[in-house]
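Work out the full structure: start from the sequences and follow the hints.
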Amino acid sequence: QLHLQESGPGLVKPSETLSLTCSVSGGSISSNTYYWGWIRQPPGNGLEWIGNIFYRGSTYYNPSLKSRVTISIDTSKNQFSLKLSSVTAADAAVYYCARRYVGQFDPWGQGTLVLVSS
Amino acid sequence: DIQMTQSPSSLSASVGDRVTITCRASQTVYTYLNWYQHKPGKAPKLLIYTASSLQSGVPSRFSGSGSGTDFTLTISSLQPEDFATYYCQQSYTTPYTFGQGTKLEIK
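Protein chains in written order, with our numbering: chain G, 1249 to 1366; chain R, 7 to 113.
Treat the hints as calculated values from the structure; they're not laboratory data.
Accuracy of the hints is not assured; some may be wrong.
Per label pair, the in silico range of CB-to-CB distance [stated by the list, open to error]:
(1) G:His1251 / R:Lys109: 24 to 32 Å
(2) G:Thr1307 / R:Arg24: 38 to 46 Å
(3) G:Thr1281 / R:Tyr98: 18 to 26 Å
(4) G:Asn1293 / R:Ser32: 17 to 25 Å
(5) R:Thr56 / G:Leu1250: 17 to 25 Å
(6) G:Thr1265 / R:Gln9: 26 to 34 Å
(7) R:Asp76 / G:Ser1276: 36 to 44 Å
All of these numbers come straight from a predicted model, not from anything done at the bench.
By construction, the Cβ of each residue, glycine as well, lies at the ideal position given by its N, Cα and C atoms.
Structure below.
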């Protein structure tokens, strides 16, 4: 059974870069069938799609975040990562990683809370 | 971006009730509409994909319908484990967008 787990700092300073990793177990990230994605949920708000990556490295980003987002993949470690630069308080959220098949996300990781504060 | 609007935003119901949640898209998404269940502190769970297909392992009391701009998620007989927040998501075009959620609470 595929399992995804997010990891990374729970606190980031304003203007710095948020970095998270999603570790995938129970299956290979090097699949022709799936994309791998990041979604976030600010406290009290809805879900926001951040972007996706294919194992060969092609990426798709939400235009609202595109200038600050980089998603990368490391097939040797079965992991993919998110970097979000120049963070502000508005970037505080629970960040989820998920596998994307066609357009739906399944499964998801449990999520990791990232706060932005000096 | 395609805006997804769910109604109601919250709902109180009892075990055994039939419940319907509505999702409306700001433009057609054909049947590229998915539903998720989310419980606090847990990973969101895919329930329905492409409007009406039941994800493997999801109980048959969950069903989805609709096409174009109007969709519904129905739970035929609420069970205690169904109290959660439900989200719709369009996958017709990027950026993928979600509804604001419907919180289903115990009456």
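Hint-by-hint comparison with the structure:
1. G:His1251 / R:Lys109: 24 to 32 Å: 27 Å Cβ-Cβ, so the 24 to 32 Å window holds.
2. G:Thr1307 / R:Arg24: 38 to 46 Å: holds, 42 Å
3. G:Thr1281 / R:Tyr98: 18 to 26 Å: holds, 20 Å
4. G:Asn1293 / R:Ser32: 17 to 25 Å: holds, 18 Å
5. R:Thr56 / G:Leu1250: 17 to 25 Å: Check passed, 20 Å falls within 17 to 25 Å.
6. G:Thr1265 / R:Gln9: 26 to 34 Å: Between Thr1265 (chain G) and Gln9 (chain R), where Cβ atoms are some 30 Å apart, the hint holds.
7. R:Asp76 / G:Ser1276: 36 to 44 Å: Taking Cβ atoms as reference, Asp76 (chain R) and Ser1276 (chain G) lie about 39 Å apart, which means the hint holds.
Violated hints are absent here; each numbered hint is respected by the structure.
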